Amino acid sequence: MKRFIGFITKEFYHIFRDRRSLFILFGMPIAQIMLFGFAITNEINNVDIAILDHSKDATTEEIINKISSSKYFTIKQIITREADIETVFKKGKIKAVLNFEKDFSRNLIKEQKANIQIITDATDPNTANAITSYINAILKNYQQSKNEDIQQPYQIIPQTIMFYNPELKSVFMFVPGVMTIILMLVSAMMTSISITREKELGTMEILLVSPLKPFQVIIGKVVPYIFLSIINAAVIVLLSIFIFKMPVEGSLFLLGAESVLFIVCSLALGILISTIAETQQAAMMISLMGLMLPVILLSGFIFPISSMPTPLQVISNIIPAKWFIIIIKGIMLKGVGMAYIWKETLILVGMTVFFIGLSIKKYKIRLE
Amino acid sequence: MKTIGYIIQKEFKQIFRNKGMLPIIFILPILQLVILSNAATYEVKNIKFAYIDSDHTSSSRALLEKFNASSYFDILAAYPSHKQASSAMLAGEVDVVLEIPYHFERNLLKEKTADLGITINAIDGAAAGVESGYINQIIQGYNQEVRISYMDASQRVFQPVQIASVPSFWYNTTLDYKTFMVPGILVLLVTMITLFLSGMNIVREKEIGTLEQINVTPISKSQFIIGKLFPFWVIGMGLLTIGLILAKLIFNTPMLGSILLLYLYTSIYILVVLGMGLLISNFTDTQQQAMFIAWFFMVIFILMSGLFTPIESMPKWAQIITEFNPIKYFVEIVRMVLLKGSGLQDIMPQLLKTLVYAVVMNGLAVWSYKKVN
Numbered sequence: 001m002k003r004f005i006g007f008i009t010k011e012f013y014h015i016f017r018d019r020r021s022l023f024i025l026f027g028m029p030i031a032q033i034m035l036f037g038f039a040i041t042n043e044i045n046n047v048d049i050a051i052l053d054h055s056k057d058a059t060t061e062e063i064i065n066k067i068s069s070s071k072y073f074t075i076k077q078i079i080t081r082e083a084d085i086e087t088v089f090k091k092g093k094i095k096a097v098l099n100f101e102k103d104f105s106r107n108l109i110k111e112q113k114a115n116i117q118i119i120t121d122a123t124d125p126n127t128a129n130a131i132t133s134y135i136n137a138i139l140k141n142y143q144q145s146k147n148e149d150i151q152q153p154y155q156i157i158p159q160t161i162m163f164y165n166p167e168l169k170s171v172f173m174f175v176p177g178v179m180t181i182i183l184m185l186v187s188a189m190m191t192s193i194s195i196t197r198e199k200e201l202g203t204m205e206i207l208l209v210s211p212l213k214p215f216q217v218i219i220g221k222v223v224p225y226i227f228l229s230i231i232n233a234a235v236i237v238l239l240s241i242f243i244f245k246m247p248v249e250g251s252l253f254l255l256g257a258e259s260v261l262f263i264v265c266s267l268a269l270g271i272l273i274s275t276i277a278e279t280q281q282a283a284m285m286i287s288l289m290g291l292m293l294p295v296i297l298l299s300g301f302i303f304p305i306s307s308m309p310t311p312l313q314v315i316s317n318i319i320p321a322k323w324f325i326i327i328i329k330g331i332m333l334k335g336v337g338m339a340y341i342w343k344e345t346l347i348l349v350g351m352t353v354f355f356i357g358l359s360i361k362k363y364k365i366r367l368e
Numbered sequence: 001m002k003t004i005g006y007i008i009q010k011e012f013k014q015i016f017r018n019k020g021m022l023p024i025i026f027i028l029p030i031l032q033l034v035i036l037s038n039a040a041t042y043e044v045k046n047i048k049f050a051y052i053d054s055d056h057t058s059s060s061r062a063l064l065e066k067f068n069a070s071s072y073f074d075i076l077a078a079y080p081s082h083k084q085a086s087s088a089m090l091a092g093e094v095d096v097v098l099e100i101p102y103h104f105e106r107n108l109l110k111e112k113t114a115d116l117g118i119t120i121n122a123i124d125g126a127a128a129g130v131e132s133g134y135i136n137q138i139i140q141g142y143n144q145e146v147r148i149s150y151m152d153a154s155q156r157v158f159q160p161v162q163i164a165s166v167p168s169f170w171y172n173t174t175l176d177y178k179t180f181m182v183p184g185i186l187v188l189l190v191t192m193i194t195l196f197l198s199g200m201n202i203v204r205e206k207e208i209g210t211l212e213q214i215n216v217t218p219i220s221k222s223q224f225i226i227g228k229l230f231p232f233w234v235i236g237m238g239l240l241t242i243g244l245i246l247a248k249l250i251f252n253t254p255m256l257g258s259i260l261l262l263y264l265y266t267s268i269y270i271l272v273v274l275g276m277g278l279l280i281s282n283f284t285d286t287q288q289q290a291m292f293i294a295w296f297f298m299v300i301f302i303l304m305s306g307l308f309t310p311i312e313s314m315p316k317w318a319q320i321i322t323e324f325n326p327i328k329y330f331v332e333i334v335r336m337v338l339l340k341g342s343g344l345q346d347i348m349p350q351l352l353k354t355l356v357y358a359v360v361m362n363g364l365a366v367w368s369y370k371k372v373n
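Top line first, the protein sequences correspond to chains Y and G.
Its first residue numbered 1, the first sequence is counted upward by one per residue in our numbering.
Its first residue numbered 1, the second sequence is counted upward by one per residue in our numbering.
No lab work stands behind these hints, which were simulated from the structure alone.
Check each hint, because a few of them may be wrong.
[What the hints assert, rightly or not] Partner residues are not named here, just some residues of chain G that face chain Y (Cβ under 7 Å, in silico):
1) 23
2) 24
3) 32
4) 41
5) 80
6) 84
7) 88
8) 119
9) 126
10) 132
11) 295
12) 308
13) 309
14) 335
15) 363
Values in this document were obtained by computation on a predicted structure and should not be read as measured data.
Every residue, glycine too, gets a C-beta built ideally from N, C-alpha and C.
Use the sequences and the hints to build the structure in full.
Below you can see the structure in the form of structure tokens.
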């Protein structure tokens, strides 16, 4: 036991001696969560649009005013010819063109119907869709104000309640995601280098001839990083509560316990990578290239998992981050207790055991 | 010139000798491009839908039939009470609950107005907005039918004015996300590989002590750097080529513009990334530090590139930060050139900025590289 403590102390010395890495370890997650919490949103704001008005009458002017006064759109350009649409789109700044037909007012009064074309640059389908529906909403509003005196009978009135996030803030979606990504990548990366580093620098031989058992070496490597990651997690949670006003509806204690579980899981994954990789370079490339994009894309952090093709939904189950995101959203936003997240928790525990078991098995006690 | 040739030869040998790294450099990115491009979709489908029908009339059943017919909703269950429905929502089993209250049909016919209760799990605010839109559309459609079947002819003559809007989606008429994402993810992978490899390369020689051996040779600073970076430039261009071919073959990504122009831009862009990697190499002592810094910038670059979330929606200060993000320019260009067929004239601003960026980065990198410790 004494030997084991000595080994852990050595690991701590290694970490604290490297000031620069330590600074990066703590500084960067804070910088990132601040940056992303404020900057990332998939809401639509200040979209630049252009107007192609063939009638230039009172009605079109009123509609244009309505659109330019909404916070979603900025009218950047007035164009006069159909051919210009292509030109402005190719420059890339303008995302939509509103095309009013000729004699708009007259058609509306005489035929009770006037046409407007919403042309969007649909290279980004999400933005194109959102622009179309926002403009439609504005048009509908305007149309209703024109029809005020007509009563519609047999009206079904939907009363919609937005649960857990009534203001539809995208921060609620992104802060748990960013937190997960930072914890996962930092933890996995930190440990993945630790063993390979000893291999590459040649100190592995010293560890191998020591009386420490393989599982002691591995646990000893993980323990210091658990402490570091817990501090990281606490800072991130505090930031999200005090700066981003994320609620914690559920138990703070449970949130802490689940975070520790997730950290241990990521660290175990890191250890596994490091027992497989021969060089630090390989270890880091696996933990960065192999983990970054899959974690961002398949965890449900930005893109909803339920919309993905079925094979990908199946693959997403092996991403630990997916389960952790479900857990923190549950605890922070829905206020659920263990009764609702035991399944996710059990999966994370299972993954952790699997990673640790596999790395002990893979850990070679002889150098080639 | 000959010296550079030898260094390049040495670097290539080192890269191809390392059998563990080869699949990471070439196979991993390709696999990710092919698989992950399918994941990046904001489309809202398979909405987990449940209902509470307290009315049990032909009207309520007709309304539910409408939801059943829509391809967006996966009708999962009928709950007898509110309590069970909320518990299911807490557990994450359902995302939308429609509640048809008691006397729905009677109210609609007698009082001419009836309420419906809709509860949406709104943690993903954007998706909740879309879901609410779909639901309202279905309800309105049903409402229209009710009106037509119950109103008599005399009531119907009164025509409201109508502004008909015709949406027209250019460049991507089917609103296919893969068309949008594949070029962007390709950009990411090219950047990640070149940045990580170049960022760790020189610092590795430092760490294992072979850099001193090179420093005592007559190789000059610039020869060494060019020799070091050129192989990664080749790898980057190679990856782009493989990626474009796969994009065409597997995803049938439209390629309207000039591919030559894209290569011209990429050749400059990779220089920016390599310069950045070199700079990181110069300011760190261990591969671990280099990796952390590279990772830090990479996460910021990715999430602030406009690849997954639109830049226009960011606050002003964040938009200013994105001006320094090389990935942002590359993502813009690859989409403009491939999907819209933009020409040299259209991409000139981005091209010039990237060029300046490349000069500054590599200037700084060469200047800060010291042969003598």
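Cross-check of the supplied hints:
no. : hint : in the structure
1   : 23   : 10 Å, violated
2   : 24   : 5 Å, holds
3   : 32   : 5 Å, holds
4   : 41   : 5 Å, holds
5   : 80   : 20 Å, violated
6   : 84   : 14 Å, violated
7   : 88   : 10 Å, violated
8   : 119  : 5 Å, holds
9   : 126  : 5 Å, holds
10  : 132  : 6 Å, holds
11  : 295  : 6 Å, holds
12  : 308  : 5 Å, holds
13  : 309  : 5 Å, holds
14  : 335  : 5 Å, holds
15  : 363  : 24 Å, violated
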